[in-house]
Amino acid sequence: MTTTEPELHPDSWHLLMLLDQAPGFAAISQALIELTDEGHPIAVTTADLKYSNGLVRFQEKHPERFLQFGISEQNMVSASAGLATTGLLPYTATFASFLALLCCEQIRTDVAYCNQPVRLIGHHAGISLGFYGTSHHATEDLAIMRSMANMTVIAPSDPAQFHAAIRATVNHPGPIYFRASRGRDPIIYEHGVDFQLGRAIAHGEGSDLMLIATGSSVHPTLAAAEQLREQGISVGVLDMHTVKPLDGDAVLAAARGAGRLMTVEEHNVLGGLGGAVAEVLTEEGVATKLHRHGIKDEYSLIGPPTHLYRHYELDAAGIAQVALRFLNA
Amino acid sequence: MSAAADDGELIARIKEKALFAREETVRLTGIAKTGHYASAFSCAEILATLYYGDIMRLKPGEPQWKQRDRFLFGKGHAAIALYPFLADYGFFDKSVLDEYTRLGNPLGDHPDMRKVPGIDFSSGSLGHALSAGLGMALGGRLNKIDYNVFVLLGDGEQHEGQVWEAALSAAHHRTGNLIAIVDRNEYSLDGKVDDVIGIEPVLDKWQAFGWNTIDIDGHDVPQVLRALRDATAASDGGKPTVIVAHTVKGKGIPYMETQFGWHLGYLHPSDEKAALAHLRSNA
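Chains as they are written, first to last, in the working numbering: chain A, 1 to 329; chain B, 330 to 612.
Be a bit skeptical, because a hint or two may be false.
Only pairs whose alpha carbons sit at most 30 angstroms apart, straight line, appear in this in silico BS3-like list of lysine-lysine [what the hints assert, rightly or not]:
no., chain 1, residue 1, chain 2, residue 2
1, B, K362, A, K61
2, B, K521, B, K388
3, B, K388, B, K344
4, B, K344, B, K423
5, B, K521, B, K473
6, B, K395, B, K362
7, B, K521, B, K362
8, A, K50, A, K244
9, B, K473, B, K388
10, A, K61, B, K344
11, B, K602, A, K244
12, B, K473, B, K568
13, A, K244, A, K296
14, B, K568, A, K50
15, B, K344, B, K395
16, B, K473, A, K50
17, B, K602, A, K61
18, B, K362, B, K568
In case anyone wonders, no lab produced these hints; they're calculated from the structure.
Starting from the given sequences, assemble the full structure and let the hints guide the process.
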């Protein structure tokens, strides 16, 4: 008979207990701990997901500033708006699906319309919850949040950028929706990154193709660009971390320099990054071929996250394949 | 604490302000050409006691005073009865009332914190206000500022699930400075609340959710005053308090008291005078 507890297999998809494997979430807690230590009036609220989003780390450092709302997301969002009226800066986190969809009206009416500086962190966005299924997927959140007046929408692409984005926007007067993946984000900016709200980061220029990606899609898009370059294609990537306000100048510059544009997002192709880019091009009368890559207005299959990325061609190889088909079409 | 004999003057003032709220509701609805007469009339004594009964700590002319008590209007559709008080407190000019709901005027059917000084939180979508009030109560604790948060809920609003999320949460977080008042006027748009979806025993429900409960006649000013004093006196004990105030929808005008259709309405200008006479004789 063994006396030791069995350990969770490191390949497990389990949401809990593997905080060490979630650098993205560690970066969020770290930024909030720093800001609190520096005297910012931070309050962190979550809905029974402090292990899943790693905010337990913040609670350990600042227990009095951590408010547990239990499985009452709508109450949490409205209460966060109330907290903000008292001069506090609430960071309100839960699954993106529950935040953007279940609490849509509380966010519109209490947070966005009242223009309270609540920071909403929608984590496990897109299809990153894999086989938990469509109830737990959020492929509509960018479109919903983008359509709310006063709302800023940011989808950081790696832990360092998430950390920088939280810090850089701490004094932003209105509400912000931060889109996070499942925390296991691969590193893009090894040596940190400067975050400027509404200013895309260019990774090379391309005369054949510019790829414009956001959030969790940036890393595989960068890898896809490498694969395409090996085939002699001139391709650059824009890390469009701010979906609203969109960096229209960067989009237009990309359109001027490249024959074609392709957006990449872990989101419905309707209404998110692809929609936002299309709006800019159309309004400026730029006749560039644009392909919007993402989830094609459908609900996802069941499967582990990485398997789903492969299936929906949202991994590096898939994005490269989609780009090649687009270039050859 | 209880309403004592020397409260006579205070009670007379509250009654006078409740009449003022009803009269202004008639006048302003006449400007808008539709309004929630009956919903405003049922809570006139509650609002008047909060604002003129030495219950809420407010500073005239200083709507954003940090130490102020907060008021959230869950049943925001009765805001018409509150606007005259806010103007009276010098939070905005009284002439603003004369343009009630006209294009670009800050005063709408539902109260807007971004437009109306003295409104602590915007409302209109039922069910949100108790949560927002809970956030303010928790904010007071974190900011180490001692104030009370009053939230006036409709009885139809008890249908909203979010009310009960907030009730559960407030008891857990021991926000004793959060005081809910249920305007139990018995009617919502489609008829009697308890025919639409029954809420009884509503007092027991709040008690079961961990709240102090007080049951009163919401038009009896000494009772309202005593209940609000008791609720604020209890506010440091950690348990939030709910006051279920039994009221009459349309209180003050006989046909509005008996015909539930006056939830929303518009009196013909020629009927206004008679309505005002009813209100004065019933005050």
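For each hint, the structure was consulted:
1. Straight-line distance between C-alpha atoms of B:K362 and A:K61 comes to about 56 angstroms, which puts the hinted pair past the 30 angstroms bound.
2. About 39 angstroms separates the Cα atoms of B:K521 and B:K388, which puts this hinted pair outside 30 angstroms; it is violated.
3. For the hint pairing B:K388 with B:K344, the CA-to-CA distance comes to about 21 angstroms; that is within 30 angstroms, so the pair holds.
4. Between B:K344 and B:K423, the direct Cα distance comes to roughly 21 angstroms. Compliance with the 30 angstroms bound is thereby established for this hinted pair.
5. Annotation: proposed proximity of B:K521 to B:K473 is violated, straight-line Cα distance about 43 angstroms (limit 30 angstroms).
6. Between B:K395 and B:K362 the alpha-carbon distance is near 37 angstroms, which puts this suggested pair outside the 30 angstroms criterion.
7. Proximity of B:K521 to B:K362 is assessed by CA-CA distance (about 25 angstroms); at most 30 angstroms being required, the pair is judged to hold.
8. Restraint check for A:K50 and A:K244: the C-alpha separation of about 27 angstroms stays at or below 30 angstroms, so the hint holds.
9. Note on B:K473 and B:K388: the hinted pairing holds, with a Cα-Cα distance of about 19 angstroms set against a maximum of 30 angstroms.
10. This hinted pair does not check out: A:K61 and B:K344 have alpha carbons roughly 52 angstroms apart, beyond 30 angstroms.
11. Restraint check for B:K602 and A:K244: not satisfied, since their Cα atoms lie roughly 54 angstroms apart, outside the 30 angstroms limit.
12. A C-alpha spacing of about 18 angstroms is found between B:K473 and B:K568, which places the hinted pair at or below 30 angstroms, so the restraint holds.
13. Using a Cα cut-off of 30 angstroms, the hinted pair A:K244 and A:K296 holds, with the two alpha carbons roughly 21 angstroms apart.
14. A hinted pair counts as satisfied when its Cα atoms are at most 30 angstroms apart, and B:K568 with A:K50 qualifies at roughly 26 angstroms.
15. Restraint check for B:K344 and B:K395: satisfied, since their Cα atoms lie roughly 29 angstroms apart, inside the 30 angstroms limit.
16. Straight-line distance between C-alpha atoms of B:K473 and A:K50 comes to about 25 angstroms, which keeps the hinted pair within the 30 angstroms bound.
17. Taken as a hint, the B:K602 and A:K61 pair is broken in the structure, with Cα atoms around 65 angstroms apart against an allowance of 30 angstroms.
18. Taking the CA atoms of B:K362 and B:K568, the gap is near 43 angstroms; set against the 30 angstroms cutoff, the hint is violated.
Violation of the numbered hints given earlier is confined to hints 1, 2, 5, 6, 10, 11, 17 and 18; the remaining hints are satisfied by the structure.
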